[in-house]
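Participant: If you read the sequences in order, they're chains A and B.
Here the first sequence stands for residues 1 to 438, where the numbers follow the working numbering.
Here the second sequence stands for residues 1 to 464, where the numbers follow the working numbering.
In case anyone wonders, no lab produced these hints; they're calculated from the structure.
As the structure is a computational prediction, the values presented were derived from the model and not from experiment.
By construction, the Cβ of each residue, glycine as well, lies at the ideal position given by its N, Cα and C atoms.
Among the clues, some could well be false.
One-sided excerpt, in silico: chain B residues whose CB lies under 10 Å from chain A [as the list claims (entries may be wrong)]: (1) Glu54; (2) Gly60; (3) Gln117; (4) Val118; (5) Asp119; (6) Asp143; (7) Ala185; (8) Gln216; (9) Gly387; (10) Gly414.
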Amino acid sequence: MLTKIIDALNARKDISAWTVRHITEREAQVYAVPKEIESQRTVESENYRIDVLCNTKAPDGSPAVGTGDVTLLSGDDINGGIDRAALVASLVANPVHSIPGPSSNPEVSLVDDNLKRDSLTTMLGLMEDIRTTASKKKDVYLTAAECFGEIQYIHLINSRGIDAEQELTSIAMELVLQAKRNDTETESFVEKSRRRVSDVDAIAEIERQANYTLDLLDASPPRTWQGAVILRAETLASFMAGTPLAGSVLQNLSSAASKYSKISSWEIGRSVFKGDIKGDPLTIWANRCIPYGTTSSRFDHEGLSARRVELIKDNHLVAFHASQRYAEYLGVPATGAFGGVELPAGSTSASDLLAEPYVEIIHFSWFNPDPITGDFATEIRLGYLVDNGVRKPFKGGQLIGNFMDALADVRWSAETGFFGNYLGPHTARFNNLKVSGE
Amino acid sequence: MAELKLPATMSELRAGLGNIVDQGQMQAPYFSALLSSKQGIQIIVDNREERIVERQPTAGTVLSAFDGVTMYEQAVSGFSQREVEQAASNLVKGVSFQKYALREETEERGDFITPMQVDPLELSVREKLDRCREIHRRVKDRDPRIVNARIIYIETNEYSAFRNRTTDLAQRVQRVVLYLIVVVAGPDGQVRYDLESKAGSAGWEILNFTDEELQQLVDNAIALLSAERIEPGEYQIISAPGVSGTICHESFGHGVETDMFLKQRAKAAYFIDKVVGSSLVNIFDDPSRAGGYGSYFFDDEGRRSTPTRIVENGIFRRGITDLYSATALGIPRSANGRRQDYSRKAYARMTNTYFGPGDSTLDEMIAQVDHGIYLDKWSSGMEDPQGWGIQVTCRFGHEIKNGKITNRVFAPIGISGYVPDVLQSITAVSKEVEMDGGSCGKGHKETVPVSSGGPHLLLKARLG
């Protein structure tokens, strides 16, 4: 069918450029409730996603372009689908842009071989590991778990000569641990995505989360706190790189699309901060080449090769991340999809960052800062006030602040780690954040 | 009601589903087939560009075999009879089903279509684009501080057909939503924005904006340029209907999805027939609500839509169910078994969830507040069914002083608290119910269209 689609696109005089992606996916899903495997599912899908570019005219008669897209399933009417995409493209008149040309795609590690070989068996194995490990925990029990494993194959061809293929695997794990003492019940909800089962590290994760779940039994609402706040590991990763439902502030403000639409006021060569910078200087890469990174790829949906793009160096914006279209609109290099967030190691050991007193936050309800203003007010599910050698758990209250203001006053650890879509310091000490408590 | 026309391949497969289900039923205690197709378009018009993109379509078949303990499923893309028959055969092959006596179900047959005055499928793409351009023209020049005004139109055309031994149903559900976003810049370069939306299971007839609504949107965005952060603490608040709905959704919506009962994740399980709020509190979930953005005629497990009264005069009565959790818990089903699409499993999910009306007026409620906050607009929420905590973030709120709303604006504002405390603190409920459409995830995935809403509520909660 791919050949037929390409032949049909090449035969169209009204289409100036096109891209086709043939995408096949196989997924295994296993769900557990406390005593049973609730459900096990296998899913297969295959489709062809077509993007077309047509030359149009702006109202003043100047050259313009329009884009259209369509997804075809096996057996669908190819010409009918292309007609729909071309019709849509003909209706709009945007400034002229093109599509990417061929370039060399880097080798990026993206596949878990076991998952690729047998996704259902691999997911059942992961689920078994989770249930067995949890069953050995004293006073903590597993009440729900979900394991998804997916293999995706993408073949991308475009009219400028790109012909590229890539294979990717991904694993998503969710689990719920609970503990009970008298009338008090506590819960830790964990979700983790990686490309390899070994990176999920389920057994170690359950060990960590079991301790947190027990600590929650002793947690009380916090007092209001203004001062040092420590974030580490997965919590720091979600703060910096965002969560699946809440995009990242960094990604939004450093995007050429946001700049073009005047949502971002950042300027290349200028500081990304408005006020004084009291912490370590900020340097950030948007990196699509992180081995087994959950947002890594050899090429993106347009066919742009993976790159490691220096966005911010010593607090100053160096580049916008840009699709082909917005790169041409702003006259900047086309970097493609964002990928993961990478930061350099800091200069302070993590242990030195833990000078007391401080608050450490382990679980947010959902860290979802406003993607444009960076303001946040987010509920804390588990945190600790650490003072005089005592680590006192708390739950409730909100972390209040602004994302960019927080980054202007932070110190990064020398120790680094990989957390799916984040590669960088393992620990960060934000020197002046507020926890709204009682 | 207009005649239902399913997509051709779906219609052909539907005709043969009876045999596939009968064959599956010979092996498994319960067997069903769901055909599901979701497609649509998104149109974006702003000051800099226009875009028309296809909503990522999904089309596939879910075959389910259930023995009262485990739900076995196979999902295949498309509606090829040969592939679906093969998948059905593979699904039951080699499985040792438990013995399970099915509950008696009444026969359900019928075809359904969302009632519409202006069916989006009868408008050309150009006509829809022109309607978006017209709204954009009306809003973009209302103030020199506007740096961008964006109109986003989304239409989703959902077709589904369900078959089991007693049920043969098909539906077309049409959902539309129109977002208006106004971005403004202040003299110091700071950027702020506000957004407004209209959404429903309906046609274009619901997507009209008055000049007053457009100007209010612009005024809100400009007011945010001088917004302050609120001093954290407990406040008397009046929640606008959208904020009321989000509180409802996050507290007694997610908290009463009975798959969470089964996973021992919902504190509500211990509160059936117990007081959970003030006697003014009534909460409903209703997939049959006319025009609701989360409405449908039957759920993804073939259950015909009916309303569920979750909280009655402050007393928690029952949760909302999917087939699996209702079976495992031995409770009556409600029509809330929903899938993101054919590739995902069904969970107990909300539809249109809302506080019932009271008998106060908004003016009466404002007059009762000496010092408090009118919470205008919500931006997000997250559930905590086990801890019964609430996290709702509001885009902004206005100060109320001496019974009057002032020009002082705070943004953003987080609401937190313990669900029963918050619901118990409700002392007045207004008469009118309004709904906001949006999408809802189970945790951070499994997105489905929902609406939530209610009247204005006067209550106390912690803001920060």
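Participant: Quick check: which numbered hints come out false for this structure?
Facilitator: 3, 4, 5, 6, 8
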